[in-house]
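Colleague: Sequence:
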Amino acid sequence: MEKIKKSSLFGRSGSHFPVYKKWESFISEDGDKYLICNAAEGEPGVFKDKHILINEPEKVIAGISVIMEDLNVKKSFIYLKKDYYKICGKNLGSLIEGKDIDIKFKEDRYIAGEETAAIRSIEGKRAEPMAKPPFPTESGLWGKPTLVHNLETIYAISEIANNKYEGQRFYCITGDVKHEGVFKLPEDIAIKEALKRTNNFPEFDFLLQVGGGAGGLFLSSEEIDNKCHSLASIRVIDRNKFDYKEEIKKISGFLMYGNCDRCTPCREGIFRINEMVEMGYFDKEIFNSIILTLKKSS
Numbered sequence: 010m011e012k013i014k015k016s017s018l019f020g021r022s023g024s025h026f027p028v029y030k031k032w033e034s035f036i037s038e039d040g041d042k043y044l045i046c047n048a049a050e051g052e053p054g055v056f057k058d059k060h061i062l063i064n065e066p067e068k069v070i071a072g073i074s075v076i077m078e079d080l081n082v083k084k085s086f087i088y089l090k091k092d093y094y095k096i097c098g099k100n101l102g103s104l105i106e107g108k109d110i111d112i113k114f115k116e117d118r119y120i121a122g123e124e125t126a127a128i129r130s131i132e133g134k135r136a137e138p139m140a141k142p143p144f145p146t147e148s149g150l151w152g153k154p155t156l157v158h159n160l161e162t163i164y165a166i167s168e169i170a171n172n173k174y175e176g177q178r179f180y181c182i183t184g185d186v187k188h189e190g191v192f193k194l195p196e197d198i199a200i201k202e203a204l205k206r207t208n209n210f211p212e213f214d215f216l217l218q219v220g221g222g223a224g225g226l227f228l229s230s231e232e233i234d235n236k237c238h239s240l241a242s243i244r245v246i247d248r249n250k251f252d253y254k255e256e257i258k259k260i261s262g263f264l265m266y267g268n269c270d271r272c273t274p275c276r277e278g279i280f281r282i283n284e285m286v287e288m289g290y291f292d293k294e295i296f297n298s299i300i301l302t303l304k305k306s307s
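Residue numbers (the working numbering): 10 to 307.
Don't take each hint at face value.
[As the list claims (entries may be wrong)] Lysine-lysine pairs mimicking DSBU-like chemistry, simulated, CA-CA at most 30 Å apart: (1) K59 x K187; (2) K187 x K201; (3) K68 x K30; (4) K113 x K31; (5) K250 x K236; (6) K31 x K187; (7) K173 x K108.
These aren't lab readings, by the way, just hints derived from the structure by calculation.
I would like the entire structure built from these sequences, with the hints used as guidance.
Modeller: Pasting the structure below:
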């Protein structure tokens with residue numbers, strides 16, 4: 010616990026929440042406790058968890074074991090994309106043999122990666138998010154205290170436990186670049202420096218999408234001195250090839266299929282946006298009105 014606090018580790022799921030604060034809430038609870046290693050990774054353009062599972066899965070299992078021992082966890086679950094199991098399932102199975110760790114599969118929907126949706130899925134229910142509070146650290150799996158960490162967070166915890174953590178994280182760099190892939194870089198690095206270090210800095214007029222292909226922000230080339238918080242993904246876009254209607258079609262189509270369908274503004278709003286771009290009568294005024302409604306009421 011002291012090592013985690015000293016490291017100033019933040020969660021790698023995109024929430025950027027201090028890990029030690031989540032632990033403090035978790036250890037204050039009594040009774041049976043559970044851990045979920047969330048390897049759902051549904052954000053387009055983000056594949057760092059896949060990279061870790063292929064190259065260093067033993068660190069993830071070591072991190073789970075450390076948490077289970079130090080925080081008195083009864084049982085752990087790896088909540089995994091089915092596609093990832095095809096690639097690394099056999100190896101993962103051998104690493105968890107004899108441990109109180111099970112593998113559970115994520116539903117094939119974007120929303121199923123949200124922490125309370127993951128909890129419901131592991132319980133055998135439909136993967137849809139629940140209202141908070143109570144938070145999972147108080148009432149999660151089967152009403153018991155549950156710690157939910159992204160797979161990369163657990164990887165970092167393993168490094169901290171073994172005094173090997175150097176304040177780095179994994180960056181997914183994609184798009185119009187020379188060297189697409191996953192790179193381990195300092196967590197406070199500026200976007201510009203990340204692109205330069207990986208030999209991916211564009212020699213043309215460009216835009217960026219940072220933080221994921223659905224939930225990420227679009228930035229201009231003048232904003233490259235910003236740091237890459239949230240999900241550490243950077244997509245480089247050749248400005249001369251950029252078609253905002255195609256981007257809206259792609260993102261709205263993804264969200265229309267991947268959302269939870271529970272609230273009317275989101276469900277209907279995304280459908281109407283997608284309908285506009287699919288049918289070719291895109292209206293900026295209507296689009297902005299729907300977006301405002303989504304922000305205020307979904």
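Colleague: A separate judgement is required for each hint: does it hold in the structure or not?
Modeller: Hint check results:
no.: 1; hint: K59 x K187; in the structure: holds, 21 Å
no.: 2; hint: K187 x K201; in the structure: holds, 15 Å
no.: 3; hint: K68 x K30; in the structure: holds, 23 Å
no.: 4; hint: K113 x K31; in the structure: holds, 23 Å
no.: 5; hint: K250 x K236; in the structure: holds, 25 Å
no.: 6; hint: K31 x K187; in the structure: violated, 39 Å
no.: 7; hint: K173 x K108; in the structure: holds, 24 Å
The structure fails hint 6 only (numbered hints given earlier).
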